[in-house]
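Colleague: The chain contents come next:
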Amino acid sequence: MRKAEFVMAVVMGIFSLYLMWKSAELPVGWISGEGPGGGAWPFWLSAIMAICCVMILVNWYRRKSPPSQSDEVFMDRGTTIAVGLVAGSLIVTVALFYVIGVYGALPLFMIFYVRYLGKHSWPVTAVMATVTPVATFFFFDIALKITLPKGLPIVEETVFFPLYKIFL
Amino acid sequence: MADILLHLIQGFAIAFEPLNLLLIILGCTIGLFIGAMPGLGSVNGVAILLPLTFLVPPTGAIIFLAAIYYGAMYGGAISSIMLGIPGASTAVATTFDGRPLAKLGMADKALTAAALASFVGGTISVVLFTFVAPPLAHVALRFGAPEEFSLMMLAFATFVGLGGDDIPKTIFSIAIGLVFAAVGLDIISGEPRLVFGDIPGFMHGINFLVLAIGIYGIGEMLWTVEENYKAGGKSMMSDAVITVQRTISNLKELLSTWKTALMGSFLGYFVGILPAAGATPGSLMAYGIAKQISKEPDKFGKGAVDGVVAPEAANNAASTGSMLPMLTLGIPGSPTTAILLGGMVIWGLEPGPRLFTDHADFVWGLIASLYAANLFAVIINIAFIPAFIWVLKLPFTLLAPIIFVLCIIGGYAPTQDMHDVWLMIAFGIVGYLMRKLDYPLAPAVLAIVLGPLAEPAMRQSLLISGGEFSIFFTRPFSAPIMIAALILLALPLLKPLLRLVNGKKAKA
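In the order they appear, the protein sequences are chains B and S.
If you're matching positions, the first sequence starts at 1 in my numbering and goes up one per residue.
If you're matching positions, the second sequence starts at 1 in my numbering and goes up one per residue.
Here chain B stands alone, though its shape is the one from the complex (with noise of 0.2 Å):
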């Protein structure tokens, strides 16, 4: 814990730089007969995150903060492996959207969470399975008409005209 607290504040410190420097490519100061240049707002914001990073690392040093007095691991394997591969399933997931388009990628996620993850029987993985990319189908394509990714333009020649020409 306290190790990660103490690599948090640097790296959101080094962001915080980061923010400043970006932030400098608009004028900073102030312009006569426009006030302040269109970089000061967040110029002077990630100057104080700069500030509240050096704060977080002199309570770190300190050992003030809750974080900083303790000796826990940040993430002790068994919750790296758990979180870590709720997090991945949801990266890769969202990659496949541009292969084979939301519709093919949900059914995917649902069979890895439901059956492997949460280990539910099959019958009951393949009903959230046709279950929610149906209804999001519905909801968002048809009744919202906010078409979803549907992946590589043959994916959605084959198998989505056909159902645009019924619902839409």
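No false leads were mixed into what you were given.
Listed below are several chain S residues computed to face chain B (Cβ distance under 8 Å; list not exhaustive):
id, residue
1, F54
2, P168
3, S189
4, R193
5, I409
6, I425
7, M434
8, K436
9, R459
Just the calculated beta-carbon pair ranges, DEER-fashion:
id, chain 1, residue 1, chain 2, residue 2, range
10, S, L251, B, W122, 45 to 53 Å
11, S, G348, B, Y61, 47 to 55 Å
12, S, T243, B, T80, 45 to 53 Å
13, S, E17, B, V58, 53 to 61 Å
14, B, R63, S, G348, 45 to 53 Å
15, S, W347, B, G29, 32 to 40 Å
Rather than coming from a laboratory, the hints here were simulated on the basis of the structure.
For each residue, glycine too, the CB sits at the ideal point set by N, CA and C.
Got chain B sorted already, so can you dock chain S onto it with the hints?
Modeller: What follows is chain S alone, placed relative to chain B:
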């Protein structure tokens, strides 16, 4: 006065339109479910479900979301009592006596008490709201840019002075939210600003929903995954015996708690108005006071009904209280109302006092819907207690993937840009890690919503004054607000000083 009543009647006509009525009932039910699920509260529900409201007109959308807010306040008590795990942070104080009552075999009594107290709290606060809001909005009509900016400073200062979290981390959170809000095109010069790595997705800025769903959807769920892993999937469910006869005798007994309910309602309402305070501290304070004024303080913590009534009345009252500054001043009183405010901007309504004159239908429809939402929430709650207990038995591994899917699609829907989906996942993961290190995240969400309003307010003020910051301290409304904000900001610095002075006195 007659004016207000007339508006209210017109509001009821809007709230009782078939579609809106349906949305109230649906919202209350969904809110109750979300509130009852451990870990998820009103803010999560409103953030995750906001994109779904694009289906209905703005008035219907806000009525639906406000009903979720209300329902979740009722629902939070259910898992507090049945599992001993707060259904939402706002229901933490409800576990203190709700859980012991359930263990004594009186879960039904605790659940009924929670529902009725919520109803009392909600109703009293809506009545207060109805009569306070219009005059307040009237005064606020005279506010200009300096006043607006001072008010926003005050909102942020409450997090520093009253939030109770690590001060540097709180300020960091506010600042990062404001900086993220500044990404995109500079509103005055029109030049692109903070376009990281020249990725075109940053040109249209960072939508507040991306941050809100990232933190309150993805981040919260990852947090729950961890909690579930640590608990090993075990939970201790209490039994509840529910019969009509028992319910009637419970109701009779509850009549004696009216004083506590009144106290909780008024306290919760006023605490709820403050942005950093809101329902969680409001309910904890109400619990503390109920214990102090009780004739039998020893019973608290062992199953005192008053210990359930006080926090439940307070958290519902606070949720209404937090809408007061949102509608009249354009400053959200809680993270949930911050998201509602962001939603109003999406729907093309400019938050602030002019809502009362320019969009009276919207405002009064919402206010009237709060009366109705309270009534429906209490009826649905008491009638379907067994159904909500059943929700608690649903395995997390079935609910979690559905919520994740809602988050991802919800993040995509407003802008229809995959860039936002990736950003949301990144915010979720980083937010989860930061939360583990005690970084408060609510200020960041409030800041990203207020940022696009705060920056122009400050720049316009400085333009008026020709660069003099004194403008915030010389105008009659702005000065006291700004001074109050500065006092709150200085409060954490003063505390150690006071302690030092007192310590020296004690030694002398």
